[in-house]
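Participant: The chain contents come next:
Protein chains: 4
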Amino acid sequence: MIIVMKSNAADTAINNVEDALKSLGLGVHISKGAQRTIIGVIGDKSKIEPGTIELMEGVSEVVIISKSYKLASREFKEDDTIVDLPNGLKMGGKNPVVVMAGPCSVENEEMIIETAKAVKEMGAQVLRGGAFKPRTSPYSFQGLGEKGLKYLAKAREITGLPIITEVMDTRDIDLVAKYADILQIGARNMQNFVLLKEVGKTKKPVFIKRGPASTMEELFMAAEYVMSEGNKNIILCERGIKTMENYTRNTLDLSLIPVVKRESHLPIVVDPSHGTGLWRLVAPMSRAAIAAGADGLMIEVHPNPKAAKSDGPQSLNFDNFKKLMDDIRGIAQIVGRG
Amino acid sequence: MIIVMKSNAADTAINNVEDALKSLGLGVHISKGAQRTIIGVIGDKSKIEPGTIELMEGVSEVVIISKSYKLASREFKEDDTIVDLPNGLKMGGKNPVVVMAGPCSVENEEMIIETAKAVKEMGAQVLRGGAFKPRTSPYSFQGLGEKGLKYLAKAREITGLPIITEVMDTRDIDLVAKYADILQIGARNMQNFVLLKEVGKTKKPVFIKRGPASTMEELFMAAEYVMSEGNKNIILCERGIKTMENYTRNTLDLSLIPVVKRESHLPIVVDPSHGTGLWRLVAPMSRAAIAAGADGLMIEVHPNPKAAKSDGPQSLNFDNFKKLMDDIRGIAQIVGRG
Amino acid sequence: MIIVMKSNAADTAINNVEDALKSLGLGVHISKGAQRTIIGVIGDKSKIEPGTIELMEGVSEVVIISKSYKLASREFKEDDTIVDLPNGLKMGGKNPVVVMAGPCSVENEEMIIETAKAVKEMGAQVLRGGAFKPRTSPYSFQGLGEKGLKYLAKAREITGLPIITEVMDTRDIDLVAKYADILQIGARNMQNFVLLKEVGKTKKPVFIKRGPASTMEELFMAAEYVMSEGNKNIILCERGIKTMENYTRNTLDLSLIPVVKRESHLPIVVDPSHGTGLWRLVAPMSRAAIAAGADGLMIEVHPNPKAAKSDGPQSLNFDNFKKLMDDIRGIAQIVGRG
Amino acid sequence: MIIVMKSNAADTAINNVEDALKSLGLGVHISKGAQRTIIGVIGDKSKIEPGTIELMEGVSEVVIISKSYKLASREFKEDDTIVDLPNGLKMGGKNPVVVMAGPCSVENEEMIIETAKAVKEMGAQVLRGGAFKPRTSPYSFQGLGEKGLKYLAKAREITGLPIITEVMDTRDIDLVAKYADILQIGARNMQNFVLLKEVGKTKKPVFIKRGPASTMEELFMAAEYVMSEGNKNIILCERGIKTMENYTRNTLDLSLIPVVKRESHLPIVVDPSHGTGLWRLVAPMSRAAIAAGADGLMIEVHPNPKAAKSDGPQSLNFDNFKKLMDDIRGIAQIVGRG
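Protein chains in written order, with the working numbering: chain A, 1 to 338; chain B, 1 to 338; chain C, 1 to 338; chain D, 1 to 338.
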């Protein structure tokens with residue numbers, strides 16, 4: 001932390017800041033320039049509430065140098081985190097791209113099994129499907145709940161695909177963890193800190209979707225909440241942010257991929273279905289995500305999108321998913337992730 | 001709902017859409033124009049998942065005309081909702097502006113009582129204070145929990161001020177409702193739908209903060225979740241949205257006030273402390289909020305902002321809060337809410 | 001400028017940065033901390049292209065401390081700029097609020113004279129009206145050009161109101177300056193740097209509208225372009241920014257007012273007509289702007305908004321403008337600007 | 001255009017709207033539903049100023065169905081526009097990806113020739129370089145002007161590469177067009193309508209950069225301005241938009257590529273240098289752009305980025321550019337554009 005004093009700050013003001021820092025057990029390093037004095041702070045900055053120093057007389061600006069995320073940072077852990085999934089599947093690092101596919105919602109037993117078989121055959125390695133659904137409207141289909149989890153488990157039994165599904169309520173974590181191989185935290189719950197802490201106490205990998213208006217740093221802090229409870233198996237997911245542009249439901253922020261790769265050791269997956277909201281954009285954006293270095297994709301696939309109970313317009317049918325898988329295999333190879 | 005067909009849509013495509021709608025028990029009204037055919041849909045549209053129609057052959061666009069919010073809309077309930085608070089305090093409609101003031105976090109018994117006494121004397125009608133705190137970092141002060149609630153109750157006992165405090169976890173609702181007069185849903189939980197449903201089952205007024213990237217419609221849908229469970233005592237709160245501008249922590253969207261007043265019957269309050277992140281901006285933005293027609297203000301006040309455990313930089317000290325209260329009394333009178 | 005080295009930066013890397021700075025004639029001040037070395041830069045930083053230092057080995061971050069705007073900053077000029085307008089009218093400082101009113105476009109001689117008379121009677125002090133119109137579509141009405149300027153001049157002759165009108169092209173500056181009392185730079189031209197420089201060479205006050213996605217700093221830099229050519233008579237204008245919210249055409253960012261007042265000495269005006277896009281919101285947002293400390297308002301007024309050639313939906317008719325003027329007089333008095 | 005009346009609109013209100021439309025020579029088609037009346041408008045809608053109808057009694061909403069862009073739309077021209085460049089180079093359609101590379105600014109004769117030779121050898125087909133530079137600060141290097149154009153011409157003479165350079169002022173169009181093969185309209189001038197019209201009168205291909213907060217529709221309208229003057233040789237360019245995220249200078253919106261391909265016949269190029277602001281992100285984002293279907297790339301390359309007079313941090317050096325070119329060749333082949 002660097003404290004920049006105003007150009008006209010009095011010596012007493014500088015002394016007051018110095019005293020305040022020292023009283024917290026922190027070291028200070030003062031540089032008096034021609035124009036202004038700058039104070040470097042040494043020691044455990046968690047003792048200072050960021051911002052309150054800015055209220056002191058004569059202070060112009062406080063510059064935070066240390067990052068607020070620790071466990072999630074590449075500085076803390078240099079090696080890529082590899083998330084181990086059932087059947088020896090591995091995500092992250094130099095491992096091949098992992099595709100998670102399936103319907104938005106589990107609608108019934110038949111459709112989830114049909115979809116699981118189809119996406120497996122086409123090359124998907126994880127089955128997605130929602131049992132508890134966060135819907136904008138209380139009047140929309142809210143998911144099948146535990147019944148949906150059971151159908152997912154059945155589909156896993158038949159196909160061998162590990163399953164990922166969302167948990168929305170601290171009270172449901174045990175239930176969902178009983179069935180799921182990966183616990184998904186939805187975009188709208190990315191800053192539901194109590195939920196993050198609680199899944200951090202489980203041993204299941206946690207898949208965290210970036211909130212529709214969350215910064216990279218906030219995404220890392222969400223991971224930090226989980227990791228600070230002991231669970232280090234985190235997969236991050238970019239799924240679009242809200243911007244002034246609305247020809248797509250969200251603006252898919254693919255630059256996040258290389259930035260996350262640099263700043264963090266955690267794997268990052270892209271969800272182009274929610275990221276665009278339109279099935280026609282899913283294939284080009286999936287290709288782009290892999291080309292940019294993503295560790296995986298999460299794609300909504302439905303046997304009959306026109307009849308889907310949710311997210312039909314952004315779901316691929318089996319044919320289109322098959323074509324996409326062919327394309328991304330080629331690109332994955334070029335970027336060394338085939 | 002209006003379905004706009006493509007200019008080159010075949011008759012069979014039009015017939016298919018017609019059949020699909022009729023099979024759902026909906027009425028259709030077809031207008032063949034020179035350039036394109038337009039299909040009006042009559043009946044209970046909740047039977048159609050918005051968007052799937054757009055996947056049908058020949059469909060160019062589906063235009064939603066009905067609003068997705070019902071109970072929260074002015075169309076559904078013409079009269080202003082008046083929220084009844086303890087001691088005969090009333091919010092909304094033509095009632096005088098209500099000011100809710102207090103510290104970000106309850107830090108200890110003494111400070112919350114001191115603050116409660118001070119803000120009451122200066123004219124605040126409700127005491128705010130966080131016991132469960134949603135913090136971006138897991139390493140920041142997370143609040144005193146139940147102890148904080150007890151201190152708040154003590155402050156109420158002494159001053160008579162009703163208390164508002166946040167609930168973050170479905171498991172804590174009973175506990176918080178035992179102490180609080182108003183249950184606050186924080187901005188980051190605005191789309192925590194399970195939490196919204198559960199507070200909808202209580203009888204306490206619910207104060208919903210707009211999410212930092214939520215649209216007005218999403219805010220109304222959050223209210224709808226609470227209301228659909230039977231609890232109609234909702235207070236909305238604007239506290240700034242994220243934009244490309246970052247000289248303030250958030251961009252306070254005051255236009256929301258007159259728009260909410262027109263679209264909904266619910267009272268709306270402005271929180272200029274979070275909405276700007278800087279105490280110097282709290283007074284001008286508070287004045288502006290009242291001038292724009294807000295039903296109330298939520299303001300962070302701390303006996304000694306420089307020593308605050310959270311949100312110091314955006315908290316007013318007692319002197320500044322006093323000055324502000326004088327200003328807003330004048331403006332409230334001009335807009336007929338004194 | 002402060003250069004933060006990486007925690008593992010080698011001594012040679014630190015020496016290289018030091019040498020590079022010294023070779024530019026700059027002074028350096030090195031603080032070696034326990035974790036990292038920080039280098040303060042002393043002297044004329046305009047010699048360094050911001051950012052290239054960040055490319056050097058071992059550099060973690062470059063922190064800019066000096067502001068990029070100079071002439072526009074309160075640090076450079078402590079006293080409020082007062083812009084002198086014809087007939088002794090003054091804007092800025094503690095002077096009373098100035099209301100600029102009139103139609104979006106000058107449509108014909110009769111309507112501009114009728115409007116000028118009406119708004120003058122109701123208390124407006126400046127007449128607005130577009131002769132050259134920046135329209136999103138090339139097929140929309142583009143303004144009357146010089147004829148429009150002549151009608152404006154006639155309206156001034158009759159009413160005595162100074163006129164403000166937009167200039168869009170460097171080739172038109174002489175022409176527009178011949179008629180106008182204030183040269184308006186439209187929001188879409190806020191970063192048309194050649195236009196800014198050229199109006200900087202005139203002696204007419206320049207009214208700069210904030211671009212729909214420009215930061216405060218970019219707005220100040222636009223002013224800086226004009227001021228660096230010698231013209232110090234600048235009026236800034238907030239007219240809404242683009243955000244993810246679209247229930248209003250733009251999001252009016254009223255927090256800009258107190259921030260501009262602190263960071264700069266220039267007057268700031270609010271245009272709630274463009275800032276909201278809806279006439280019903282013009283009155284509440286005008287009241288709010290004055291309550292927040294704006295130096296003036298720019299309001300679209302039309303004799304018959306339903307028949308307006310442009311911006312009808314956001315224009316007030318005479319009756320509504322009259323009511324608004326009454327309201328804002330009261331609020332202006334409370335904030336000491338009556 | 002569809003006019004949705006309020007559910008409680010009186011018959012006289014409906015009649016008034018009908019009469020107003022008919023008086024403009026438009027046809028109307030009225031559908032009376034159970035809940036509300038909907039009025040379809042038939043004929044030349046350019047006669048109605050969008051929005052003024054919304055001011056009429058009883059009108060709830062006006063829904064625009066026709067797009068505001070015509071010449072730029074795929075509906076108007078089904079076949080891809082192929083832009084012909086010197087030496088038989090073609091952009092758009094199924095033609096191979098075109099890479100435009102070179103420094104931000106032409107700094108001197110030697111460096112532009114050195115860069116031209118290097119990028120040509122590595123596979124670039126067009127040379128970029130700024131002679132007139134739009135800089136945020138009036139105190140930054142503003143470009144060499146005509147001297148820069150002459151150096152560019154010299155580099156073309158030596159290498160045979162066509163040149164693209166920016167024009168900022170209507171007064172400079174003839175000068176720039178004398179030297180340049182492609183006229184670039186910068187992002188900040190995307191809505192400088194007079195400039196757009198004037199370049200529309202030349203015969204040179206026009207390269208339009210999307211404004212940092214412009215929607216797809218506004219980008220198309222910028223093209224429409226040029227095309228409405230007779231110049232149909234347009235290349236669009238995505239270079240990032242401003243969002244609430246600021247870990248990159250802009251958020252590169254790659255979804256625009258497939259959407260533009262569907263909505264328009266014009267070629268689209270991506271500029272990942274400005275789109276990210278960081279050279280490390282240029283390679284992954286270039287790969288992603290090609291994978292998403294872009295017709296070309298514009299990339300900043302500098303012999304020595306650390307010494308660049310502008311945009312050093314986002315410029316590639318020759319080595320990194322060479323590596324990138326290898327990668328994108330592979331991806332271009334997979335998407336059929338090698």
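Misleading hints may appear alongside valid ones.
As the list claims (entries may be wrong) - Simulated pairs of lysine-lysine, DSBU-like, Cα-Cα distance not exceeding 35 Å:
#1 D:Lys204 <-> C:Lys309
#2 D:Lys197 <-> C:Lys203
#3 D:Lys67 <-> A:Lys323
#4 D:Lys323 <-> C:Lys204
#5 D:Lys261 <-> A:Lys323
#6 A:Lys197 <-> B:Lys201
#7 C:Lys32 <-> B:Lys261
#8 C:Lys232 <-> D:Lys22
#9 B:Lys197 <-> D:Lys6
#10 B:Lys70 <-> D:Lys67
#11 B:Lys70 <-> D:Lys32
#12 D:Lys323 <-> B:Lys32
#13 D:Lys309 <-> C:Lys203
#14 C:Lys197 <-> A:Lys70
#15 C:Lys94 <-> B:Lys261
#16 C:Lys6 <-> B:Lys322
#17 B:Lys32 <-> D:Lys117
#18 B:Lys120 <-> A:Lys201
#19 B:Lys94 <-> C:Lys322
#20 C:Lys232 <-> B:Lys261
#21 C:Lys6 <-> B:Lys261
#22 B:Lys204 <-> A:Lys201
#23 B:Lys197 <-> A:Lys150
#24 D:Lys323 <-> A:Lys94
#25 D:Lys306 <-> A:Lys32
#26 D:Lys306 <-> C:Lys6
#27 A:Lys77 <-> A:Lys178
#28 D:Lys201 <-> B:Lys67
#29 D:Lys120 <-> B:Lys261
#30 B:Lys6 <-> D:Lys261
#31 A:Lys178 <-> B:Lys178
#32 B:Lys32 <-> D:Lys32
#33 D:Lys120 <-> A:Lys261
#34 B:Lys261 <-> C:Lys203
#35 D:Lys309 <-> A:Lys261
#36 C:Lys232 <-> A:Lys67
#37 B:Lys67 <-> A:Lys147
#38 A:Lys117 <-> A:Lys154
Hint data in this document are derived by calculation from the structure and do not stem from the laboratory. Remember, predicted model here, so these are calculated numbers, not experimental data.
Participant: Indicate, hint by hint, whether the structure satisfies it.
Facilitator: Right, here's what the structure says about each hint:
1. D:Lys204 <-> C:Lys309: Holds: D:Lys204 and C:Lys309 sit about 34 Å apart, inside 35 Å.
2. D:Lys197 <-> C:Lys203: holds, 29 Å
3. D:Lys67 <-> A:Lys323: holds, 32 Å
4. D:Lys323 <-> C:Lys204: violated, 54 Å
5. D:Lys261 <-> A:Lys323: holds, 19 Å
6. A:Lys197 <-> B:Lys201: holds, 25 Å
7. C:Lys32 <-> B:Lys261: violated, 58 Å
8. C:Lys232 <-> D:Lys22: With Cα atoms ~52 Å apart, C:Lys232 and D:Lys22 exceed 35 Å; violated.
9. B:Lys197 <-> D:Lys6: With a Cα-Cα distance of about 31 Å, the restraint between B:Lys197 and D:Lys6 holds, given a limit of 35 Å.
10. B:Lys70 <-> D:Lys67: Cα-Cα ~31 Å, so holds.
11. B:Lys70 <-> D:Lys32: With Cα atoms ~22 Å apart, B:Lys70 and D:Lys32 stay inside 35 Å; holds.
12. D:Lys323 <-> B:Lys32: Violated, at roughly 57 Å.
13. D:Lys309 <-> C:Lys203: holds, 33 Å
14. C:Lys197 <-> A:Lys70: Between C:Lys197 and A:Lys70 the Cα gap is close to 47 Å, so the pair fails against 35 Å, i.e. violated.
15. C:Lys94 <-> B:Lys261: Holds, because 33 Å separates the two Cα atoms, which is no more than 35 Å.
16. C:Lys6 <-> B:Lys322: Violated, at roughly 47 Å.
17. B:Lys32 <-> D:Lys117: Violated: B:Lys32 and D:Lys117 sit about 61 Å apart, past 35 Å.
18. B:Lys120 <-> A:Lys201: Roughly 43 Å separates the two Cα atoms, so the pair is violated.
19. B:Lys94 <-> C:Lys322: Satisfied, since the Cα-Cα distance of roughly 23 Å is no more than 35 Å.
20. C:Lys232 <-> B:Lys261: Distance of about 42 Å is beyond 35 Å: violated.
21. C:Lys6 <-> B:Lys261: It is violated: about 53 Å lies between the C-alpha atoms, which goes past 35 Å.
22. B:Lys204 <-> A:Lys201: holds, 32 Å
23. B:Lys197 <-> A:Lys150: Roughly 24 Å separates the two Cα atoms, so the pair holds.
24. D:Lys323 <-> A:Lys94: Within the cut-off at roughly 20 Å; holds.
25. D:Lys306 <-> A:Lys32: holds, 29 Å
26. D:Lys306 <-> C:Lys6: holds, 18 Å
27. A:Lys77 <-> A:Lys178: Cα-Cα ~30 Å, so holds.
28. D:Lys201 <-> B:Lys67: Answer violated: D:Lys201 to B:Lys67 is near 46 Å, above 35 Å.
29. D:Lys120 <-> B:Lys261: With Cα atoms ~62 Å apart, D:Lys120 and B:Lys261 exceed 35 Å; violated.
30. B:Lys6 <-> D:Lys261: holds, 18 Å
31. A:Lys178 <-> B:Lys178: Since the Cα atoms of A:Lys178 and B:Lys178 sit roughly 33 Å apart, the hinted pair holds (cutoff 35 Å).
32. B:Lys32 <-> D:Lys32: Holds. B:Lys32 to D:Lys32 sits at ~15 Å (cutoff 35 Å).
33. D:Lys120 <-> A:Lys261: holds, 31 Å
34. B:Lys261 <-> C:Lys203: violated, 45 Å
35. D:Lys309 <-> A:Lys261: holds, 30 Å
36. C:Lys232 <-> A:Lys67: It is violated: about 41 Å lies between the C-alpha atoms, which goes past 35 Å.
37. B:Lys67 <-> A:Lys147: Between B:Lys67 and A:Lys147 the Cα gap is close to 32 Å, so the pair holds against 35 Å.
38. A:Lys117 <-> A:Lys154: holds, 12 Å
In summary, the numbered hints that this structure violates are 4, 7, 8, 12, 14, 16, 17, 18, 20, 21, 28, 29, 34 and 36.
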